[in-house]
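K.L.:
Listed below are the residues making up each chain.
Protein chains: 2
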Amino acid sequence: MQKIAINSGGEMNEIYRSALVVTDENVNRIYGGMLPQNKCVIGAGEANKTLLSVEKIAAAMIKCGVKRSDRITAFGGGMIGDVAGFAASVYMRGIEWSFVPTTLLAMADSCVGGKTAVNVGLVKNAIGSFSLPDVFIETKYLNTLPRREYESGMGEIVKMSLLDPLLYEFMQGKFNAETAIKHCVRLKSAIVEKDMYDHGARKALNLGHTVGHAVEVLSGMPHGTSVLVGLRLELLMLRDYIPHNFFYELQAYINKYLPELRYNFDAEAVAVIAMSDKKNVDGISIMYPVSIGEIREAALDRRTFIRLLREAM
Amino acid sequence: MQKIAINSGGEMNEIYRSALVVTDENVNRIYGGMLPQNKCVIGAGEANKTLLSVEKIAAAMIKCGVKRSDRITAFGGGMIGDVAGFAASVYMRGIEWSFVPTTLLAMADSCVGGKTAVNVGLVKNAIGSFSLPDVFIETKYLNTLPRREYESGMGEIVKMSLLDPLLYEFMQGKFNAETAIKHCVRLKSAIVEKDMYDHGARKALNLGHTVGHAVEVLSGMPHGTSVLVGLRLELLMLRDYIPHNFFYELQAYINKYLPELRYNFDAEAVAVIAMSDKKNVDGISIMYPVSIGEIREAALDRRTFIRLLREAM
Numbered sequence: 015m016q017k018i019a020i021n022s023g024g025e026m027n028e029i030y031r032s033a034l035v036v037t038d039e040n041v042n043r044i045y046g047g048m049l050p051q052n053k054c055v056i057g058a059g060e061a062n063k064t065l066l067s068v069e070k071i072a073a074a075m076i077k078c079g080v081k082r083s084d085r086i087t088a089f090g091g092g093m094i095g096d097v098a099g100f101a102a103s104v105y106m107r108g109i110e111w112s113f114v115p116t117t118l119l120a121m122a123d124s125c126v127g128g129k130t131a132v133n134v135g136l137v138k139n140a141i142g143s144f145s146l147p148d149v150f151i152e153t154k155y156l157n158t159l160p161r162r163e164y165e166s167g168m169g170e171i172v173k174m175s176l177l178d179p180l181l182y183e184f185m186q187g188k189f190n191a192e193t194a195i196k197h198c199v200r201l202k203s204a205i206v207e208k209d210m211y212d213h214g215a216r217k218a219l220n221l222g223h224t225v226g227h228a229v230e231v232l233s234g235m236p237h238g239t240s241v242l243v244g245l246r247l248e249l250l251m252l253r254d255y256i257p258h259n260f261f262y263e264l265q266a267y268i269n270k271y272l273p274e275l276r277y278n279f280d281a282e283a284v285a286v287i288a289m290s291d292k293k294n295v296d297g298i299s300i301m302y303p304v305s306i307g308e309i310r311e312a313a314l315d316r317r318t319f320i321r322l323l324r325e326a327m
Numbered sequence: 015m016q017k018i019a020i021n022s023g024g025e026m027n028e029i030y031r032s033a034l035v036v037t038d039e040n041v042n043r044i045y046g047g048m049l050p051q052n053k054c055v056i057g058a059g060e061a062n063k064t065l066l067s068v069e070k071i072a073a074a075m076i077k078c079g080v081k082r083s084d085r086i087t088a089f090g091g092g093m094i095g096d097v098a099g100f101a102a103s104v105y106m107r108g109i110e111w112s113f114v115p116t117t118l119l120a121m122a123d124s125c126v127g128g129k130t131a132v133n134v135g136l137v138k139n140a141i142g143s144f145s146l147p148d149v150f151i152e153t154k155y156l157n158t159l160p161r162r163e164y165e166s167g168m169g170e171i172v173k174m175s176l177l178d179p180l181l182y183e184f185m186q187g188k189f190n191a192e193t194a195i196k197h198c199v200r201l202k203s204a205i206v207e208k209d210m211y212d213h214g215a216r217k218a219l220n221l222g223h224t225v226g227h228a229v230e231v232l233s234g235m236p237h238g239t240s241v242l243v244g245l246r247l248e249l250l251m252l253r254d255y256i257p258h259n260f261f262y263e264l265q266a267y268i269n270k271y272l273p274e275l276r277y278n279f280d281a282e283a284v285a286v287i288a289m290s291d292k293k294n295v296d297g298i299s300i301m302y303p304v305s306i307g308e309i310r311e312a313a314l315d316r317r318t319f320i321r322l323l324r325e326a327m
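Going down the list, the protein sequences come from chains A and B. When you read off a place in the first sequence, starting at 1, and then add 14, the result is the number in the working numbering. When you read off a place in the second sequence, starting at 1, and then add 14, the result is the number in the working numbering.
Every clue listed holds true.
From the structure, some residues in chain B lie toward chain A, with a derived Cβ separation under 8 Å:
{"no.": "1", "residue": "Leu-65"}
{"no.": "2", "residue": "Val-68"}
{"no.": "3", "residue": "Ile-76"}
{"no.": "4", "residue": "Val-104"}
{"no.": "5", "residue": "Tyr-105"}
{"no.": "6", "residue": "Arg-107"}
{"no.": "7", "residue": "Gly-135"}
{"no.": "8", "residue": "Ser-143"}
Derived DSSO-like pairs (lysine-lysine); straight-line CA-CA distance at most 30 Å:
{"no.": "9", "chain 1": "B", "residue 1": "Lys-188", "chain 2": "B", "residue 2": "Lys-270"}
{"no.": "10", "chain 1": "A", "residue 1": "Lys-81", "chain 2": "B", "residue 2": "Lys-217"}
{"no.": "11", "chain 1": "A", "residue 1": "Lys-196", "chain 2": "A", "residue 2": "Lys-270"}
{"no.": "12", "chain 1": "A", "residue 1": "Lys-77", "chain 2": "A", "residue 2": "Lys-17"}
{"no.": "13", "chain 1": "B", "residue 1": "Lys-53", "chain 2": "A", "residue 2": "Lys-70"}
{"no.": "14", "chain 1": "A", "residue 1": "Lys-77", "chain 2": "B", "residue 2": "Lys-217"}
{"no.": "15", "chain 1": "A", "residue 1": "Lys-17", "chain 2": "A", "residue 2": "Lys-208"}
{"no.": "16", "chain 1": "B", "residue 1": "Lys-53", "chain 2": "B", "residue 2": "Lys-81"}
{"no.": "17", "chain 1": "A", "residue 1": "Lys-217", "chain 2": "B", "residue 2": "Lys-77"}
{"no.": "18", "chain 1": "B", "residue 1": "Lys-196", "chain 2": "B", "residue 2": "Lys-270"}
{"no.": "19", "chain 1": "A", "residue 1": "Lys-81", "chain 2": "A", "residue 2": "Lys-17"}
{"no.": "20", "chain 1": "A", "residue 1": "Lys-81", "chain 2": "B", "residue 2": "Lys-208"}
{"no.": "21", "chain 1": "A", "residue 1": "Lys-154", "chain 2": "A", "residue 2": "Lys-196"}
{"no.": "22", "chain 1": "A", "residue 1": "Lys-77", "chain 2": "B", "residue 2": "Lys-70"}
{"no.": "23", "chain 1": "A", "residue 1": "Lys-154", "chain 2": "A", "residue 2": "Lys-188"}
{"no.": "24", "chain 1": "B", "residue 1": "Lys-53", "chain 2": "B", "residue 2": "Lys-77"}
{"no.": "25", "chain 1": "B", "residue 1": "Lys-154", "chain 2": "B", "residue 2": "Lys-53"}
{"no.": "26", "chain 1": "A", "residue 1": "Lys-17", "chain 2": "A", "residue 2": "Lys-154"}
{"no.": "27", "chain 1": "A", "residue 1": "Lys-53", "chain 2": "A", "residue 2": "Lys-154"}
{"no.": "28", "chain 1": "B", "residue 1": "Lys-17", "chain 2": "B", "residue 2": "Lys-208"}
{"no.": "29", "chain 1": "A", "residue 1": "Lys-81", "chain 2": "B", "residue 2": "Lys-70"}
{"no.": "30", "chain 1": "A", "residue 1": "Lys-17", "chain 2": "A", "residue 2": "Lys-70"}
{"no.": "31", "chain 1": "A", "residue 1": "Lys-188", "chain 2": "A", "residue 2": "Lys-270"}
{"no.": "32", "chain 1": "B", "residue 1": "Lys-217", "chain 2": "B", "residue 2": "Lys-270"}
{"no.": "33", "chain 1": "B", "residue 1": "Lys-70", "chain 2": "A", "residue 2": "Lys-53"}
{"no.": "34", "chain 1": "A", "residue 1": "Lys-217", "chain 2": "A", "residue 2": "Lys-196"}
{"no.": "35", "chain 1": "B", "residue 1": "Lys-217", "chain 2": "B", "residue 2": "Lys-196"}
{"no.": "36", "chain 1": "B", "residue 1": "Lys-70", "chain 2": "A", "residue 2": "Lys-70"}
{"no.": "37", "chain 1": "A", "residue 1": "Lys-70", "chain 2": "B", "residue 2": "Lys-77"}
{"no.": "38", "chain 1": "A", "residue 1": "Lys-70", "chain 2": "B", "residue 2": "Lys-81"}
{"no.": "39", "chain 1": "A", "residue 1": "Lys-53", "chain 2": "A", "residue 2": "Lys-81"}
{"no.": "40", "chain 1": "A", "residue 1": "Lys-81", "chain 2": "A", "residue 2": "Lys-70"}
Keep in mind the hints are simulated off the structure, nothing from the lab. Backbone N, C-alpha and C define an ideal beta-carbon position, used for all residues, glycine too.
Here chain A stands alone, though its shape is the one from the complex:
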């Protein structure tokens, strides 16, 4: 069971007992003054989620004399968790690490479940590992989060709410980040515990991601926002499989968080990217809800996928 503390106030202790803290330029600009000397700052953004950054972190670990029995801390968004977590999981064939997420997306989603990864060329998360960090979520870091990053986090929370009646109901009322995060962490932890190595139950988390991943690559929009765009398109593509009223209810719900129409993607390019996803072994898999908490899978061949996506846009 992964150790996840929410608003415990213990994150700086953790950072100071680590042999190295890894963060990105943006986070370092705001919080760098609070961090210890033994830190490694890498470039911000998806473009730096590479093996080159892993090498930079490993070189910093070597320079700081990080030993097998030491631990490091990732301090930043999901990208920092991915790249520092991957580096920890392979440094000396694996050392322990902690994660202090600073974005809503990382707090509500990516800090749970132990998937780390880097991109290879255009292929997202082509290389990675399963490695569970201890997590210290402190919602105060949301105060400095840029608006577009906040919206991105809301995207994954909205997606997650389709998996769980309690969270869905909560999302219809007054929003509170700490409560939403607690719901998401509980929900994702339960799913991950059933399926650590991504053989089945985790698939439900993939709602919105088949199209969303491609949208992210093609548009450069933040991950959670892309997932929400992907979710809206996937629901439109599979509307014939979804109960009528539920479909319209979901469209209205999603539109609250995604008012603009951003539907300008090349359907063939989306299909190529979706086919390259590691989950799509036979055809292209799309997850869709038939009610809150009840998620099914559709497997589309390439041609059908392209036709349905064109109709949806």
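Using the hints provided, position chain B relative to the given structure of chain A.
P.N.:
Coordinates of chain B only, in the frame set by chain A:
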């Protein structure tokens, strides 16, 4: 239990059912004509045991459409096993792989035990994973092995023989590669099975490696040859702990395989490299034999290490 076939003749079947075969320039120059189209050829030698080669292999896997359920084959020496095995162990968070070793060192030693790794800067094996391949050893590939590589393999076999009376006795008679490899595979498999994640029993395999690793980095000699030089120096350093007659017997035995004196290393540089090893958490650890099969550990502080090494050279 790792699947290891010796002279089964099945290696080409395995290569042709793989989604990708990874090899190096040298092996490709000799055997490239026998290999399938879907191959990835990387530069030969320790200098290419890097994350850059891992990225190149991952890009080739993406290009060949390698899926989570596919497997790849490493065809070459220990360096190819290390880098291709590491790439397989992290591609899509881990796929299966096979290893067809082409060097004596890889057949007798590195194909067993599932340690994969790449170097970061001067630090050998700074990044890696535990990942067990299926192994297909075919001794016919030794026919094209350069002499200095063959000698390197003999170095690890000589080291291994200090762990096992049966192998030690065999080594006093007429040498036969297949029999020696069988002994080494049996012996190392038994040790690895007791200690997959390198917490104790595997330490015995580290005979000769504390000084040997540094010798390899400083001299550029092949791994096994460096280990043998390291073993000779380590025995000299710790001769007071080793029964008199046994010490002289071992020196004579080692000299048969390493006639030249190659003792020209900066003791301080050796100490710095030894300190950076992941096994040396407190002080510098040296393994030494008190009889065949009975291995002990000495932990030296830096100053003592340098003094004893200077005296040994």
